[in-house]
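Number of protein chains: 4
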Amino acid sequence: MASNRFGQLLTFTTWGESHGPAIGCVVDGMPAGVPLSEADIQPYLDRRKPGTSRFVTQRNESDTVRILSGVFEGQTTGHPVSLLINNEDARSKDYDAIKDQWRPGHADYTYDVKYGVRDHRGSGRASARETAMRVAAGALARKLIRSVVIRGAVVQIGPHKINREAFDWAEVENNSFWCPDKAMVPVWEQFLDDTRKAGSSAGAIVEIIASGVPAGLGEPVYGKLDAEIASAMMSINAVKAVEIGDGFALAATPGHEAADAMYKGRDGAAEFVTNHAGGVLGGISTGQDVVVRFAVKPTSSILTPRPSLDKHGNEVEVMTKGRHDPCVGIRAVPVGEAMLAFVLADQLLRARALGQKV
Amino acid sequence: MASNRFGQLLTFTTWGESHGPAIGCVVDGMPAGVPLSEADIQPYLDRRKPGTSRFVTQRNESDTVRILSGVFEGQTTGHPVSLLINNEDARSKDYDAIKDQWRPGHADYTYDVKYGVRDHRGSGRASARETAMRVAAGALARKLIRSVVIRGAVVQIGPHKINREAFDWAEVENNSFWCPDKAMVPVWEQFLDDTRKAGSSAGAIVEIIASGVPAGLGEPVYGKLDAEIASAMMSINAVKAVEIGDGFALAATPGHEAADAMYKGRDGAAEFVTNHAGGVLGGISTGQDVVVRFAVKPTSSILTPRPSLDKHGNEVEVMTKGRHDPCVGIRAVPVGEAMLAFVLADQLLRARALGQKV
Amino acid sequence: MASNRFGQLLTFTTWGESHGPAIGCVVDGMPAGVPLSEADIQPYLDRRKPGTSRFVTQRNESDTVRILSGVFEGQTTGHPVSLLINNEDARSKDYDAIKDQWRPGHADYTYDVKYGVRDHRGSGRASARETAMRVAAGALARKLIRSVVIRGAVVQIGPHKINREAFDWAEVENNSFWCPDKAMVPVWEQFLDDTRKAGSSAGAIVEIIASGVPAGLGEPVYGKLDAEIASAMMSINAVKAVEIGDGFALAATPGHEAADAMYKGRDGAAEFVTNHAGGVLGGISTGQDVVVRFAVKPTSSILTPRPSLDKHGNEVEVMTKGRHDPCVGIRAVPVGEAMLAFVLADQLLRARALGQKV
Amino acid sequence: MASNRFGQLLTFTTWGESHGPAIGCVVDGMPAGVPLSEADIQPYLDRRKPGTSRFVTQRNESDTVRILSGVFEGQTTGHPVSLLINNEDARSKDYDAIKDQWRPGHADYTYDVKYGVRDHRGSGRASARETAMRVAAGALARKLIRSVVIRGAVVQIGPHKINREAFDWAEVENNSFWCPDKAMVPVWEQFLDDTRKAGSSAGAIVEIIASGVPAGLGEPVYGKLDAEIASAMMSINAVKAVEIGDGFALAATPGHEAADAMYKGRDGAAEFVTNHAGGVLGGISTGQDVVVRFAVKPTSSILTPRPSLDKHGNEVEVMTKGRHDPCVGIRAVPVGEAMLAFVLADQLLRARALGQKV
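Protein chains in written order, with our numbering: chain A, 61 to 418; chain B, 61 to 418; chain C, 61 to 418; chain D, 61 to 418.
By construction, these hints were calculated from the structure, which means they are not laboratory data.
Only a predicted model underlies this, so the values are computations on that prediction, with no experimental measurement involved.
Worth double-checking, as some hints may not be accurate.
Calculated lysine to aspartate or glutamate pairs in the EDC-like style (CA-CA distance at most 16 Å, straight line) [as the list claims (entries may be wrong)]:
no., chain 1, residue 1, chain 2, residue 2
1, D, LYS417, C, ASP172
2, C, LYS324, D, ASP370
3, D, LYS324, C, GLU377
4, A, LYS371, B, GLU331
5, C, LYS324, D, GLU375
6, D, LYS324, C, GLU375
7, C, LYS324, D, ASP254
8, A, LYS324, B, GLU377
9, A, LYS159, D, GLU133
10, C, LYS371, D, GLU98
11, C, LYS417, D, ASP172
Bound-form chain A, shown alone (with noise of 0.2 Å):
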């Protein structure tokens, strides 16, 4: 069925392939009245953009983005705002000698399965390119969220973790891996090189932090805001892994800790000591920082050569030449950005709908 669109009130569908003449997203939902002209998308695409290090794919996009409807005089109409950019610098002759082959850990056997056909020049829909709408479409949704400050880094590039007690946001524009721990941009730098010349890639973790959230947006059950955001992050590519607040760790912490305590802040507003539940309880925000951590599995396509099938049975040796991320985990980081944007957005005009003051 039509998986292409995100979100509920306010939704996104994005379409085109890697090596298509265009890439494009359609935002519906956007409510009238709002300023929005292309300057205030592109800085995002251009945060997420190929090209910008020696860390990220070579491909030379400039990612300009076009808003073909929806907009009038500088404002947004209520009517669905489309986006486009032209894909400038497509090289299919790369993947000629993967036509028929399934890259091992890419979607390449799964989509022969499923549809027959498959559009393999740079791996078609399931290339991370698709992502950049998601950016485009974010910087949409943060137009409704002007509040709230939402933030990513990448806190561990393959084994190598940063050192909490280092972070510093400060840093994260400061380097070519969004790393807010200056001691660890070095050791990256020395890892995702040897990691290249070996042919290999790198895994990352990313986290994602969302200050200014209002109180009471989320809905119970099955709407849960912590619900919503792990879909939005395990949808992007590579994404195997998300947790919300402490995550996986509350397994291992008491009851009596893992509880954040409430106290009187200033002016008598509910405050909370600690925020073990990353700003979500019972599927519903808190009012403290929103906290998101995802899994990024290494880039699958690679250089050194992966036993595997062709479509005709055949086994085969795998070798990618192509331009592919390192690791694919730094551009995720704008990317994570913009979904958890998207999702607090449409869960802004949702909590609108019943009459909450949001």
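Dock chains B, C and D against the given chain A, drawing on the hints supplied.
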């Protein structure tokens, strides 16, 4: 908005509070001609029901399910199947003391912020009692995926992890914890007895495995099988983390190891050497075991007094009497199984819609 | 797929067969803090219930509704409201003779083709009994649109149309037909008595009007207010036509007459000279009365033998005993009102989500 | 909320304004392996495009469609198909005079009330130009229901109805009106010439018939085939009434005539004597022709000055220059066909999900 429904083609909607007259669900989208009676559902409910050991809540519920519609002469008719369980042992008075208080780590605060009105009795709608109906709905889903075997186990309670070398499915039904490692059982017994005596509670990690899943289930991009599983599991009370296959560990796995190599198996079918991806590539099942793990935080209703607020803004010490699971993760096993069954059955129908032979 | 749910933000899911133990519905998406008890719902059910005159089915049902969830201390909690009505007077034996036969004009044939299994007793799920739960759900919807008055009337039975000059809402509650034209009442009495004696049945046209609808409800393109109303009404058993405002008559109206002129009304507000459009322009309410008419075909369960087939392929003469409405259009009045109320309430929540002050 | 998407399993989302750079749609849910190129879509667009006779708008658009995604080597891939048509002949200045005015009968007023912002150029999103993308999407739907023949005709313009005895499908393509009654053509020509000269416009009734529909499509209760058709047709610009089969006339038909009798046909298959029900019983197709009629009100953009208001609250006389269809019902024929095709294709996929052999 309406957030009490789960699924796309095959759906269920649950309703009911912990201390209301009854709980129930409506399964809509069930194909016709499937043999069904209460006897198909009850055994799954019995696995989840309270009071089965000293390590779960002592509330005394038979959880006897009745089918009120959608079945005629022993077969489903294609119309909604309404299921109902009467609440038999509600002791609402236990909750009078905390009527206006916000238990730390519980949904009390967020429900009050969001709704203004809250049925505090036994946590109302936020009670894990809701999950009984998930188990019931899951029993119907299993009827549609007869070739799939879904099993669950607890792999960690508090800081105590099982020894994976000792994993034995045959042991799981032999103890009160769904523990697959015989040697771990006394450890957990001691740990939980100590925890209970200390007036605290414990978290857990649950693992659910589906074997016999046909390749080709799941949909790309936002309908990914793992995204839906993540949402399904994170929607279970107290769950804060979900991973598929090796999950977070994939961040530290080199790319040439992480990608599951393939070879020509018996009868020429595609086989995999390993299953780091947990049976899902590109959001679509590979035919391997689908492997899911999720973390359940410790029960937030505990006897240890904890600083908090009441809804009038007063600082209070909250202590929850009532009857609670010292480790709610234990009873999450049949719930996680049910949710995975439902996701798979729903995706099966969606695959059939596309003409897939599954 | 799941087709027993209606609505987008405010939804209800109905379940139950005519001769099963009960029928019910789950209203999901109801905002919190709305005063609600059975007494708010029962009067609407009483208007639809069988046995109120000789012109409707003689089945003896009290249609006593129970609220099983979602209400606490007299107020909605924001959680699903489960409603249940026990079936009290099922006489399934009446249907034994036509168990395997397909009544002409009924869903018997299509249900058998689609499902293979069919609960023939009292038409099972295809019975108009399902509409009781629409009326119940509509009573909840009305709570959300307190300023809107929704009224319905029968404007034609068989070939006999009311005189629109004589339309008087005060008359509607004074007769068994919801007839607004006093002079037409004896004509319909005679006509329906004759129809019944002849072993036949009669069709009708129902008109529903909502006054006090705020301008700005409805959404463009595929969420048009009139499109949702059309779907809502056409989903009622036996309905085969729907029109908004002047409807089909607009085909013959010249453009300069059809377009409703505007002027500055009291307090400077926009007012309309006429209401050919039935209160909806571009799919969005104008603030005028929303005017809907729909045609209900004659009951297909009649005493006159009619040529048909049974499910074994034999040609048979079908004659339906049971107890049936000679003109099912009469009891469609409260159902149509309920459906319109639900569409409006759902659109109200959707408008609020966009920040509209409605 | 997001209201620019149509369909459940097979969906399309349209975007674009009349005078924006382009219009487009995304078809999501299209099964893989369907041969598809622009040449499959263009002929349907050509039937709807403006400027084909003096009886439709004189705007000069080639309506050349481009496929931007979802097709590889001539086949659909199972991924979203993005379609785009550039706007070539927008003359926005024609609309400057009515920029702030509300044309009676148009969406101007309601859009301003709802959104505050309005793209007045050529009616922006409310333009019938949006329907081009419905036609394009319908072309894809037809690929999934190859055995179904869908045809449309205009059966009434203004007060002039065709003679149904003279109905001849072969005539439909021979005139500018999709008129199946040769004798009516000159009458409509004269009538529309007069209407245009008088600065007015005309309404119409369109009939769409689908032959070869398999029995068993459609779903009970709220997913009824006729309910979805009603919604589909009522969502078309200017449509105000929909009927299935005999529609409103069924109100006056006695029950023993209205119910379509059945007999054993060739090969023992069930056949029907008549088709008063328009091919749908209980919301599910019978295998007979699906017969739909809808009324299109006269174009509201006319040269005759009409009293109205502007958005500043002033009373004004509105006169629309621009280029408009004197009878927008004519071009509604291919649109109605497309919508019916889409509803049927979507229901076909849903039937397959249930295991039906259709």
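For this session: For the pair we were handed, LYS324 (chain C) and ASP254 (chain D), check the Cα-Cα distance against 16 Å.
Result: Measuring from Cα to Cα gives roughly 33 Å; hence the hint is violated.
Exercise. Regarding the pair LYS159 (chain A) and GLU133 (chain D), is the alpha-carbon distance no greater than 16 Å?
Worked result: The given pair, whose Cα atoms are some 13 Å apart, holds under the 16 Å limit.
Problem set entry | LYS324 (chain D) paired with GLU375 (chain C) [C-alpha distance capped at 16 Å] | Roughly 7 Å between the alpha carbons, so the hint for LYS324 (chain D) and GLU375 (chain C) holds.
Exercise. Quick one, are LYS371 (chain C) and GLU98 (chain D) close enough, alpha carbons at most 16 Å?
Worked result: Violated: LYS371 (chain C) and GLU98 (chain D) sit about 45 Å apart, past 16 Å.
Exercise. Taking 16 Å as the top limit, are the C-alpha atoms of LYS324 (chain C) and ASP370 (chain D) close enough?
Worked result: 10 Å, holds
For this session: For the pair we were handed, LYS371 (chain A) and GLU331 (chain B), check the Cα-Cα distance against 16 Å.
Result: Holds: LYS371 (chain A) and GLU331 (chain B) sit about 13 Å apart, inside 16 Å.
For this session: Quickly compare the C-alpha distance for LYS324 (chain A) and GLU377 (chain B) to 16 Å and report which way the hint goes.
Result: 13 Å, holds
Exercise. Taking only the CA atoms, is the gap from LYS324 (chain C) to GLU375 (chain D) under or equal to 16 Å?
Worked result: Since the Cα atoms of LYS324 (chain C) and GLU375 (chain D) sit roughly 7 Å apart, the hinted pair holds (cutoff 16 Å).
For this session: Would you check the hint for LYS324 (chain D) and GLU377 (chain C), treating anything up to 16 Å between C-alpha atoms as holding?
Result: 13 Å, holds
Problem set entry | Pair hint outcome, LYS417 (chain D) versus ASP172 (chain C) [Cα-Cα no greater than 16 Å] | 14 Å, holds
Problem set entry | Restraint status (C-alpha distance of LYS417 (chain C) to ASP172 (chain D) at most 16 Å) | 14 Å, holds
Going down the numbered hints, you'll see the structure goes against 7, 10, while the others check out.
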